[in-house]
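Chains A and B, in that order, give the protein sequences.
Residues in the first sequence are numbered consecutively from 36, following our numbering.
Residues in the second sequence are numbered consecutively from 36, following our numbering.
Think of the hints as simulated: they come from the structure by calculation, not from any bench.
Be aware that one or more of the hints could be misleading.
One copy or any two copies: either way a pair holds, since identical chains are not told apart in the list.
What the hints assert, rightly or not - Subject to a maximum C-alpha distance of 25 Å in a straight line, what follows is the list of computed SDA-like cross-link-like pairs (lysine to any residue): (1) Lys41 to Asp130; (2) Lys208 to Val124; (3) Lys117 to Lys169; (4) Lys41 to Arg160.
Letter by letter, the chains look like this.
There are 2 protein chains.
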Amino acid sequence: MPKKIKYSLDQVYRLLEPGPVVLLSTARAGRLNVMPMSWHTMMEFVPPLVGCVVSSGNYTFETLRATGECVINVPTSALAKKVVACGNVSGRSVDKFKEFELTPAVAAVVKAPLVAECYANLECRVVDRKLVTKYNFFVLEVVRAWIDPRVKRPRTLHHQGEGVFMTPGRTLKLPSPKTSFLSA
Amino acid sequence: MPKKIKYSLDQVYRLLEPGPVVLLSTARAGRLNVMPMSWHTMMEFVPPLVGCVVSSGNYTFETLRATGECVINVPTSALAKKVVACGNVSGRSVDKFKEFELTPAVAAVVKAPLVAECYANLECRVVDRKLVTKYNFFVLEVVRAWIDPRVKRPRTLHHQGEGVFMTPGRTLKLPSPKTSFLSA
Numbered sequence: 036m037p038k039k040i041k042y043s044l045d046q047v048y049r050l051l052e053p054g055p056v057v058l059l060s061t062a063r064a065g066r067l068n069v070m071p072m073s074w075h076t077m078m079e080f081v082p083p084l085v086g087c088v089v090s091s092g093n094y095t096f097e098t099l100r101a102t103g104e105c106v107i108n109v110p111t112s113a114l115a116k117k118v119v120a121c122g123n124v125s126g127r128s129v130d131k132f133k134e135f136e137l138t139p140a141v142a143a144v145v146k147a148p149l150v151a152e153c154y155a156n157l158e159c160r161v162v163d164r165k166l167v168t169k170y171n172f173f174v175l176e177v178v179r180a181w182i183d184p185r186v187k188r189p190r191t192l193h194h195q196g197e198g199v200f201m202t203p204g205r206t207l208k209l210p211s212p213k214t215s216f217l218s219a
Numbered sequence: 036m037p038k039k040i041k042y043s044l045d046q047v048y049r050l051l052e053p054g055p056v057v058l059l060s061t062a063r064a065g066r067l068n069v070m071p072m073s074w075h076t077m078m079e080f081v082p083p084l085v086g087c088v089v090s091s092g093n094y095t096f097e098t099l100r101a102t103g104e105c106v107i108n109v110p111t112s113a114l115a116k117k118v119v120a121c122g123n124v125s126g127r128s129v130d131k132f133k134e135f136e137l138t139p140a141v142a143a144v145v146k147a148p149l150v151a152e153c154y155a156n157l158e159c160r161v162v163d164r165k166l167v168t169k170y171n172f173f174v175l176e177v178v179r180a181w182i183d184p185r186v187k188r189p190r191t192l193h194h195q196g197e198g199v200f201m202t203p204g205r206t207l208k209l210p211s212p213k214t215s216f217l218s219a
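Okay, chain A solo, but in the shape it has when bound:
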């Protein structure tokens, strides 16, 4: 498994802002689970806040609500088949870590596991539930972040519907006087 190093919390937006599919991992009473998710957005730089929708029909929903903890794991295209597989069965009936040969690693702060194969892992706590009942929308705070330092240009997956995923192509660099004007 790749050796991860701590990633600066004020840089977390750079991982999530371009819209990658992520794997959301949770644990409850020793039972681990993981689901793919594309409906997430940054909400604040420091501390990094992330808003995300977890459908109330998903097994993850009850675990997240009960434990208030999860890990956002960012996979690359090497994991594409496993990502799709994780979305097509429920953690109610299948131990997806075993079934799809994903490696749970112990997190530093939360009880939910890291998915070791993902190049970045964000340990999160639920900090706001005001929109959970109406929209299944959780506000998470990233409390610890990890990255595989060898991965310089991750081939992240960007879901375009119906099993189609865009992967990164050319990069444009444009002069911008602000760190992230896009939410300034």
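Using the hints provided, position chain B relative to the given structure of chain A.
Below, chain B without anything else, positioned relative to chain A:
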């Protein structure tokens, strides 16, 4: 200007889920404005709901709060320089449509203008303000969607921080029994 056709509301998630930078346009008392935004997420398929953060320091914030209307416009890399330019000045001091030669087009349902140069345009109304005060987070309902039917593989912009944008590369197609397992 490209001729747009109506886009099905239940397909809107396919435009926003992969995480493109968008241009958010607004109007108040005849004064138009536009800002780039990357902090957005789908929240529901039908009617399509989109959550987004508009910083309270932005001129757009007050307009959006006052009018409850906006348009989410999806640019391609052909507009990259203008997108960045729109993020580096405030609508308080500059008419960005004029300054950056963007064409405002009349929307069907809302008073905010479409940015004609963008290949897709989503007319939106604010439907929930519960997280506005604390997080500058607005829940929008897309009430009408437009697309340029000639654009088959849009080169969307995906912000990675510090003026770096990823553009789409290879597409992966994986068998998935569900329309969008990623939020199922």
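Here's how the hints hold up against the structure:
no., hint, result
1, Lys41 to Asp130, "neither (28 Å within a copy, 43 Å between copies)"
2, Lys208 to Val124, "between (40 Å within a copy, 19 Å between copies)"
3, Lys117 to Lys169, "neither (30 Å within a copy, 37 Å between copies)"
4, Lys41 to Arg160, "within (17 Å within a copy, 40 Å between copies)"
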